[in-house]
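Asks: Protein chains in written order, with our numbering: chain G, 60 to 234; chain H, 3 to 625.
If you're looking for bench data, these hints aren't it; they were derived computationally from the structure.
Any given hint could turn out to be false.
No farther apart than 16 angstroms at their CA atoms in a straight line, the calculated lysine to aspartate or glutamate pairs in the EDC-like style are these [said to hold, decoys possible]: (1) G:Lys114 - H:Glu94; (2) G:Lys200 - G:Asp166; (3) H:Lys468 - H:Glu508; (4) G:Lys227 - H:Asp531; (5) G:Lys114 - H:Glu569; (6) H:Lys519 - H:Asp456.
In case you want the letters, here they are:
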Amino acid sequence: MRNILMKIFDCISVLNLWRWLQAGTLAVTLLFSATPLLAAEKQGGTAEFQSLDRKIQGLKQEVLDLNRDLFVLEEELLFPASTQLAVFLSVDTGTFFQLESVELKVDNKVVTHYLYTERENAALHRGGVHRLYLGNLRTGKHEVVAVFTGKGPHERDYRRGTTLQIDKQTDSQFI
Amino acid sequence: MMARCPESLRRVVAAFLLVLLAVPALAVPPPKPRDVRDPHYGEVLYFFYQQNYFSALAHLMTAQHFGQFPHHTDEAELLRGGMLLSYGVHLEAGRIFERLIESGAAPGVRDRAWFYLAKIRYQRGYHDEAQDALSRIGGVLPGDLESERRLLHAFLLMRREQYREAATLLEGIKGQTDWLRYGRYNLGVALVRAGETERGMALLQQIGQEPVAVEEFKALRDKANVALGYIFLQAGRPEEARVALERVRLDGLMSNKALLGMGWVYSAQEKQERALVYWDELRKRPIQDAAVLESLLASPYALGKLGAWRRSLEEYETAIAVYNRELAQLDSSIAAIRAGRLATSLLHDDGVEEMGWTWQLEQLPDSPETRYLSQFLASHEFQEALKNYRDLSFLSGRLEQWVSDVASYQDMLATRRQGFRERLPAVLSSKRVQDQGRIAQERDRYTQMLGKIDWENDAEALANEKDQTQLARLERIRRLMSRNPVEDENWQRYRLLRGLLRWDIETDYPARLWEVKKSLQDLDRALADTETRRTVLVRAQLDTPASLDAFEGRIRALIPRIRVYQERARELGRLQAEYLAELAVAELNAQRDRLVTYLTQARFAVAQIYDQSSSQAPEAKEP
Chain G
60 MRNILMKIFD CISVLNLWRW LQAGTLAVTL LFSATPLLAA EKQGGTAEFQ SLDRKIQGLK
120 QEVLDLNRDL FVLEEELLFP ASTQLAVFLS VDTGTFFQLE SVELKVDNKV VTHYLYTERE
180 NAALHRGGVH RLYLGNLRTG KHEVVAVFTG KGPHERDYRR GTTLQIDKQT DSQFI
Chain H
3 MMARCPESLR RVVAAFLLVL LAVPALAVPP PKPRDVRDPH YGEVLYFFYQ QNYFSALAHL
63 MTAQHFGQFP HHTDEAELLR GGMLLSYGVH LEAGRIFERL IESGAAPGVR DRAWFYLAKI
123 RYQRGYHDEA QDALSRIGGV LPGDLESERR LLHAFLLMRR EQYREAATLL EGIKGQTDWL
183 RYGRYNLGVA LVRAGETERG MALLQQIGQE PVAVEEFKAL RDKANVALGY IFLQAGRPEE
243 ARVALERVRL DGLMSNKALL GMGWVYSAQE KQERALVYWD ELRKRPIQDA AVLESLLASP
303 YALGKLGAWR RSLEEYETAI AVYNRELAQL DSSIAAIRAG RLATSLLHDD GVEEMGWTWQ
363 LEQLPDSPET RYLSQFLASH EFQEALKNYR DLSFLSGRLE QWVSDVASYQ DMLATRRQGF
423 RERLPAVLSS KRVQDQGRIA QERDRYTQML GKIDWENDAE ALANEKDQTQ LARLERIRRL
483 MSRNPVEDEN WQRYRLLRGL LRWDIETDYP ARLWEVKKSL QDLDRALADT ETRRTVLVRA
543 QLDTPASLDA FEGRIRALIP RIRVYQERAR ELGRLQAEYL AELAVAELNA QRDRLVTYLT
603 QARFAVAQIY DQSSSQAPEA KEP
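All chains should be modelled from the sequences, with the hints used to inform the complete structure.
Replies: Structure (structure tokens):
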């Protein structure tokens with residue numbers, strides 16, 4: 060917005076030496092007087108920009124819809140509801156724990172090992188939730204183990220784990 | 003005004019504040035961690051907080067399709083509007099906001115949403131729509147936003163050349179805000195344009211003399227002083243122009259114009275030697291600047307005024323050579339731009355990982371196309387058009403990736419179809435599955451047997467192996483002893499042992515009966531589970547081909563759709579690149595026209611000098 064200010068009211072001097080050489084006087088033309096012409100040119104340019112902009116917005120909306128359809132297809136194809144298991148991670152430790160990585164095991168098999176960037180950590184601390192794992196699991200009892208690694212108070216290395224027994228039913232399951 | 007906000011409305015308000023944070027240049031501290039009740043909504047926020055709006059939108063729309071936000075329906079829709087705004091789809095965002103705002107947001111939240119819509123629409127050149135959004139603001143905005151709103155409204159009025167109304171509006175900006183400085187600057191300009199020159203100049207004087215620490219406001223102060231200097235020059239007041247121009251920094255963006263102006267100040271006062279000092283300094287600076295180009299004419303002009311015609315002639319001829327060279331380079335830049343390389347050159351070092359309104363071109367590549375465009379490239383019109391081009395590049399990349407993703411889905415589908423065709427019948431016809439009936443029959447038989455045992459209280463039927471052995475031994479002993487029916491010590495011992503054994507068996511009978519019943523129940527569950535799985539597999543054998551066919555249909559329909567969008571993205575990208583090139587070429591042509599004017603004037607001046615020398619004018623002293 061401030062750049063607009065700087066540019067609209069820019070000041071250029073156009074010196075008419077022809078008139079000086081003839082009459083020995085100095086003439087200075089301010090950009091101010093030229094601005095209405097520039098404004099008119101920008102109006103024309105704006106109409107063309109808007110026409111393209113509307114078409115581009117339309118395409119963006121359609122591509123978003125396509126993206127959604129692809130996501131839906133992928134989820135239904137790869138992770139049908141009957142076998143779907145999703146594991147989410149959120150943080151509520153305040154500033155006392157800086158999460159660095161998480162390892163997730165299902166039935167003693169490592170299914171994901173995720174390293175968090177600073178940006179991702181900040182998003183978690185603001186209340187975002189990370190979908191750590193999306194996979195398929197047959198019905199029945201299973202064991203899920205998560206091991207968290209990070210920095211605790213005073214920059215001490217910190218490693219903690221948790222175990223969860225789950226009984227997978229035929230609906231999608233979220234942990 | 004509601005005394006207590008219902009929970010749903012509080013959530014909508016909280017979502018709105020979140021949405022408004024998607025819009026940049028907002029001095030609001032980040033919100034506290036939110037109460038997220040649906041993990042999929044939290045996942046959207048996870049991407050949102052990282053400004054990955056495309057990914058956030060994709061997940062949000064997918065989760066909305068699956069109904070995975072039961073506790074955050076309204077918030078999700080509002081968030082979608084905000085992200086569409088950040089994604090540059092402000093028309094749809096505006097529709098969402100209208101729907102949701104009018105259905106229940108608090109007035110304060112509503113006003114802020116309309117303000118941000120107005121701001122984005124203005125930046126994108128939708129001035130009428132921006133005016134419409136501003137007109138929907140019902141109250142006074144909080145803090146600096148109100149000043150910003152007045153400034154935005156004043157811009158729109160100035161675009162319609164309603165300068166007096168703009169001046170009135172800007173005079174309403176109160177308090178010590180950053181926007182006040184800009185407001186006063188623009189008010190000064192508006193007043194000058196409206197014919198109230200002295201009032202306007204007085205404001206510009208104030209700004210031009212303010213002590214400031216921030217670079218941005220130092221640049222604004224320089225701008226005010228340069229504007230003032232040239233106004234005074236035009237009014238024939240060179241001394242006042244000098245005072246204003248002397249306040250401009252030598253190393254700022256306006257320094258070239260100030261140096262040029264200072265030269266004209268002294269030239270107007272017939273102090274050509276002083277004028278030359280400034281113009282000679284200016285000539286050492288990068289030649290692409292308009293003020294520098296002009297100084298190439300101004301210097302020989304001053305020399306001519308001093309009577310140093312030979313030097314004046316030499317410098318005019320130098321100027322002509324420079325102008326011709328610059329014209330050639332401008333022409334080569336124009337040719338490069340017309341060859342379609344400008345947009346790709348600008349985005350050459352850009353990763354294009356995400357897209358949206360917040361992106362700005364920060365570093366100009368050094369190329370023939372961009373050499374003369376540094377100032378022009380900062381304009382909103384060009385930046386917005388470039389953003390659109392960049393977004394189209396992003397979309398094209400995604401669409402290309404999806405073509406290969408869809409091919410992968412087809413492969414997955416083919417593998418799954420093959421699996422069902424080959425493995426499922428093999429599983430269903432396997433011995434284990436076939437044995438299920440036999441196992442069920444045996445289960446029934448055991449159940450019957452157990453029922454009889456339970457009814458008859460037949461503890462010995464459940465005797466374990468050891469007890470069975472003992473019973474068998476005692477039975478053999480009884481048969482042996484039955485040859486001697488006389489009641490003696492052996493018979494007594496036999497009866498005692500038999501009684502003890504029977505006691506043990508009877509004592510253990512309830513526990514054993516319970517164990518066997520439990521085992522049969524477990525067997526029942528396992529058989530039921532197996533039957534369920536078998537039924538699922540049988541149903542799958544019938545249903546899966548149809549479901550796979552449906553998937554195949556959906557996948558097949560995606561491919562032409564992607565191709566259509568790819569073609570449109572390509573075409574719009576081409577048009578957008580052409581539009582960018584048009585803008586740039588128009589700017590370069592304006593610069594070219596200016597150079598041609600200078601060239602003409604220089605040539606005329608050379609001709610005049612030759613005319614004068616041929617009429618044998620006396621030699622003047624060299625300065």
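Asks: Holds or violated: Lys227 (chain G) and Asp531 (chain H), Cα atoms, limit 16 angstroms.
Replies: holds, 14 angstroms
Asks: For Lys519 (chain H) and Asp456 (chain H), compute the direct alpha-carbon distance and say whether it is at most 16 angstroms.
Replies: holds, 10 angstroms
Asks: Is the straight-line distance between the alpha-carbon of Lys200 (chain G) and that of Asp166 (chain G) 16 angstroms or less?
Replies: Roughly 9 angstroms separates the two Cα atoms, so the pair holds.
Asks: Holds or violated: are the alpha carbons of Lys114 (chain G) and Glu569 (chain H) at most 16 angstroms from each other?
Replies: holds, 13 angstroms
Asks: Please work out if Lys468 (chain H) and Glu508 (chain H) have their alpha carbons no farther apart than 16 angstroms.
Replies: holds, 14 angstroms
Asks: Are Lys114 (chain G) and Glu94 (chain H) close enough, with their CA atoms no more than 16 angstroms apart?
Replies: holds, 13 angstroms
Hint compliance for this structure: no hint is broken.
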